[in-house]
Amino acid sequence: MQKKLTLGFIFALFVCVTFLPIVWMFGNSIYGDGGFSFVYYKDIFLTQKYIKVISNSLILASITALLSSFVGIPAGFFLAKTNLPFKGFFKMCFFIPLIIPSYTTGIAWANLLGKTGFLNNILSQYMLFSPESVSNFIYSIYGASFVLSINLFPVIMLITEYALKNLNPRLEESGLVTGSVFRVLRQITLPLITPAIISSMMIVFVLSLSEFGIPSLLQVNVLTTQIFTQFSAFYNEKAATAIALPLIAITFVVMTLEQVYLQGKSFEILGRRGSNSTIKYDVKWLSVVGVIFCTLVLIGCVIIPLSTLIFSAQTISAYHDAILLAKRGITNSVLFGSIGATFLTFMGFFLGYLSEKIQSRLRNSTALFIWLFFAVPATVLGIGLIKLCNRPEGIFQFIYGSLWIVIIGYVARFSPLSSRIMANYLKQIPHSMEEAGTVIGASWYRILGNILLPLQSHGLIATWLISFMFCIGEMGTTILVYPPGHETLPITLFTVMANSPANIVSALSIIIVVMTLLPVGVFLAISKYLIKSQIAQ
Amino acid sequence: MKFITIALTTLFMLAKWCSAGNEVIVYTSEDQIFAEPILQEFEKKTGIKVRAIYDTEETKSTGLVNRLIAEKDNPQADVFWSNDPVRPVLLQIKGLTTPYVSSVAADIPSIYKDVDGHWTGFSARARIILYNTNLVNMDERPLSIFDLVKPKWRGQVAIANPLFGTTSIHMAALFIALGDEKAKKFLNDLKANGVKIVSSNSEVKRLVARGEVKMGITDTDDAHMAVKEGVPAKEVFPDQSTIGTFIIPDMVSLIKNSRNQENGKKLIDYLVSSTVERSLAWAPCAHMPLRYGIKTPPDVLTLDAVKGMNINYPDVAAKLEKITEFLKQWAGY
Chain D
1 MQKKLTLGFI FALFVCVTFL PIVWMFGNSI YGDGGFSFVY YKDIFLTQKY IKVISNSLIL
61 ASITALLSSF VGIPAGFFLA KTNLPFKGFF KMCFFIPLII PSYTTGIAWA NLLGKTGFLN
121 NILSQYMLFS PESVSNFIYS IYGASFVLSI NLFPVIMLIT EYALKNLNPR LEESGLVTGS
181 VFRVLRQITL PLITPAIISS MMIVFVLSLS EFGIPSLLQV NVLTTQIFTQ FSAFYNEKAA
241 TAIALPLIAI TFVVMTLEQV YLQGKSFEIL GRRGSNSTIK YDVKWLSVVG VIFCTLVLIG
301 CVIIPLSTLI FSAQTISAYH DAILLAKRGI TNSVLFGSIG ATFLTFMGFF LGYLSEKIQS
361 RLRNSTALFI WLFFAVPATV LGIGLIKLCN RPEGIFQFIY GSLWIVIIGY VARFSPLSSR
421 IMANYLKQIP HSMEEAGTVI GASWYRILGN ILLPLQSHGL IATWLISFMF CIGEMGTTIL
481 VYPPGHETLP ITLFTVMANS PANIVSALSI IIVVMTLLPV GVFLAISKYL IKSQIAQ
Chain H
1 MKFITIALTT LFMLAKWCSA GNEVIVYTSE DQIFAEPILQ EFEKKTGIKV RAIYDTEETK
61 STGLVNRLIA EKDNPQADVF WSNDPVRPVL LQIKGLTTPY VSSVAADIPS IYKDVDGHWT
121 GFSARARIIL YNTNLVNMDE RPLSIFDLVK PKWRGQVAIA NPLFGTTSIH MAALFIALGD
181 EKAKKFLNDL KANGVKIVSS NSEVKRLVAR GEVKMGITDT DDAHMAVKEG VPAKEVFPDQ
241 STIGTFIIPD MVSLIKNSRN QENGKKLIDY LVSSTVERSL AWAPCAHMPL RYGIKTPPDV
301 LTLDAVKGMN INYPDVAAKL EKITEFLKQW AGY
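Just so you know, the sequences run in chain order D and H. Numbering of the first sequence is given in my numbering, commencing with residue 1 and proceeding in unit increments. Numbering of the second sequence is given in my numbering, commencing with residue 1 and proceeding in unit increments.
Hints are supplied without guarantee of correctness; some may be wrong.
Derived pair list, reagent style DSS-like, types lysine-lysine, alpha-carbon separation capped at 30 Å [claimed, not checked]:
id : chain 1 : residue 1 : chain 2 : residue 2
1  : D       : K238      : H       : K328
2  : H       : K256      : H       : K49
3  : H       : K44       : H       : K228
4  : H       : K322      : D       : K387
5  : H       : K196      : D       : K49
6  : H       : K307      : H       : K295
7  : H       : K184      : H       : K328
8  : D       : K387      : H       : K256
9  : D       : K115      : H       : K234
10 : H       : K45       : H       : K265
11 : H       : K322      : H       : K182
12 : H       : K191      : D       : K52
13 : D       : K3        : D       : K357
14 : H       : K228      : D       : K115
15 : D       : K528      : D       : K280
16 : H       : K185      : H       : K328
17 : D       : K528      : D       : K284
18 : D       : K42       : H       : K94
19 : D       : K115      : H       : K328
20 : H       : K184      : D       : K42
21 : D       : K528      : D       : K91
22 : D       : K387      : H       : K72
23 : H       : K328      : D       : K49
24 : H       : K94       : H       : K184
25 : D       : K49       : H       : K185
26 : D       : K42       : D       : K52
27 : D       : K387      : H       : K265
28 : H       : K196      : H       : K185
29 : H       : K196      : H       : K150
30 : D       : K42       : H       : K322
31 : H       : K150      : H       : K234
32 : H       : K152      : D       : K115
33 : H       : K49       : D       : K327
34 : D       : K284      : D       : K532
35 : H       : K49       : D       : K387
36 : D       : K49       : H       : K184
Keep in mind that the hints were calculated from the coordinates and are not lab data. Fair warning: this is a prediction, and the values are worked out from it, not measured in the lab.
My request is simple: use the sequences and hints to build the entire structure.
Structure follows, in structure tokens:
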């Protein structure tokens, strides 16, 4: 009963917060003047122009997912499985690309690779590229994928790292007795974290599909820029919503493919001991390769964009001015981000449980349902939330006029993400663990508190961290719903960006990085302490 | 039970109730760094608390106009301060504004005001050509936007996406001034000459500043900020001997059925006053006052020194609706 009530309540909450605003928008797009009409949908599937736009979106998302995994999977592996020196430093630095607003990273790379850019000069002087070809690259679908993969690889890295930490060490130990590191890696470790890798690639794929900032800056014509055009040039929310339909269709197909691929395979590998210790491949050459790899990633994905910002900020007074501008944004961002991430982790756990652990035929459909609308652009969701929540009645007025509308926006946008991450970790817990609790007569809450939650401490940490960073960076929905005085850091950055001196804008971007990393560092330190004391007990 | 009580108390403690006290809520697309000091000054003078929502550049988020439209049934904003003259007309057409004729604006020329008082103009920008002085000599600088189709500037001109912001309005004004056929020919010639279509006016400024293009069409505030930042660039008010330069006044509207109508009217009175026109002329955005006789810095032209396009702003709004599909195709969207 406890289980049914809790899961039912969380699912109902999800439906109200994420599902209703979007369904409202789609309903509105086919209903008008007293009747139903599919006029805005006809064009999408029948005209050559949209076929091109849809294929552009698919190319952008596919290349981004691939490039991000080329960087993210090895980075996650080196962090979890080797004795990499400066591990904590590398890890914190690798969060930075996810925190820097993608638009800012885009500007940094456009400056570097543009016709008069520093890297363009080097590439055209010492290699066979012409300045035009380098400049054309950055203003293309491939350039946009390149910049986006720099921004999103930490998602794959983090999910891979914590999936590796969740592995039952006995499996690898026995492999290492008889085989080489490579063999254990190929035949035991990698196959066991396959769902985590596929799931993280899918997350990056869908995030790239719904990305607007980079394609807009680099003039790449994708579905999100078409949606934006309908909103901002035509003020036609019905047409804009209709164009979001292919995004949902693509998400549905990708999700179904993932389910088909993973069907019938077992990944239940997490034992009690598995949550407490991780096997490290204590091989010197692997650590050396790790240092070289992580240093290259650090230079390409962190130092280059960050140094252009630091160089552009120039003076200490720029930071002073930026802090004055961002004072309220800093407090709001940290507060809203922490509350949002906590709600998301809470909801993510139960939604993940629903889509992974319930013994029902509906399990796969539930997972599909939760994930379905994740690619719908933030703007469509934002307008939907306004229509649902902006009402004169007391409780709605209370929500719409306070920080809770921002939190609802975060939960609406990212609960599919947090549930997907949690589901992927919950996949690793054998059903027998929960069954053992039930057999001895423990209530479901007790099973949760004593078995499932402690076993998933790594999963909960990863979910909170990713949710926090996404909440802090969220702008598309927040800018449409935030009440006056509740602006967050990205909103301050983007509203100030118009005509503020470039050095203040750069200083503000760096402040965003620092103000996100600080709570992340504190959270990591606390969670590490809690896990250690759990082991000691 | 204890947990629920603590959770609820925390929820309420964290929430700030929206009190409809002595306040006014303004949504503004004017850049925050220019609008904020003006609104703070109003607060100081009247004691009325201003709660403001600022916009990003048009191409960086969906923007306040969409929010205003979505909030129509339960408006949150009392006043909309627009940095262009077409969006208020659009809001008027959609039934979001309510008339208010401010007596303070009596000396503002009538072409910048709606007869019924749905919108009132003040402080203006202009659409100019910004050129890089390291790459273009003073004597070869283009004096007309029609010079930009000359082969010597092939691939050297940038323009913001014409579907959004002041560029879209400028295009609509050109269609009115030239007629559809000539305007389409100009745009097609510009495209054939390799014009670089970028995401926003600030991108135009960035590319000109870095010398990636020699010149671009943008607004006076971008040009003034570029010069202030030490960029080797100068502005040209184009077409002074022919159709004139396109003038873009700020406009302010009172939102229908909002909660603080009286305070909204007071804010409108303040915004359209000569005090604000003077402040915005001396601010880094260097807006041109619509009133004659307001003293401006030496580098800020007054409207009597500039030949403006002879344009009726509601016509521009109507034209924009008609040409948006063409502009979409032209921009490759």
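Has the given pair, K307(H) with K295(H), been kept, meaning a C-alpha gap of at most 30 Å? holds, 19 Å
When you check the alpha-carbon spacing of K238(D) and K328(H), does it fall within 30 Å? holds, 18 Å
For a C-alpha distance cap of 30 Å, please report whether K191(H) and K52(D) respect it. holds, 21 Å
Taken at face value, is the distance from the CA of K284(D) to the CA of K528(D) at most 30 Å? Within the cut-off at roughly 26 Å; holds.
Decide if the proposed pair is consistent with the structure: K44(H) and K228(H), CA atoms, cutoff 30 Å inclusive. Satisfied, since the Cα-Cα distance of roughly 29 Å is no more than 30 Å.
Can the restraint linking K42(D) and K94(H) be considered satisfied, given a maximum Cα separation of 30 Å? holds, 26 Å
Would the hint linking K115(D) and K328(H) be met if the CA-CA limit is 30 Å? holds, 27 Å
Please verify whether K184(H) and K328(H) have alpha carbons no more than 30 Å apart. Holds: K184(H) and K328(H) sit about 13 Å apart, inside 30 Å.
For the pair supplied as a hint, K196(H) and K150(H), is the alpha-carbon distance within the 30 Å limit? Given pair K196(H), K150(H) holds - Cα atoms ~15 Å apart, limit 30 Å.
30 Å Cα cutoff - pair K322(H), K387(D): holds, 28 Å
Given the hinted pair K184(H) and K42(D), is their alpha-carbon gap at most 30 Å? Holds - the C-alpha atoms of K42(D) and K184(H) are around 28 Å apart, at most 30 Å.
Taking only the CA atoms, is the gap from K49(H) to K387(D) under or equal to 30 Å? holds, 27 Å
The structure fails none of the hints (numbered hints given earlier).
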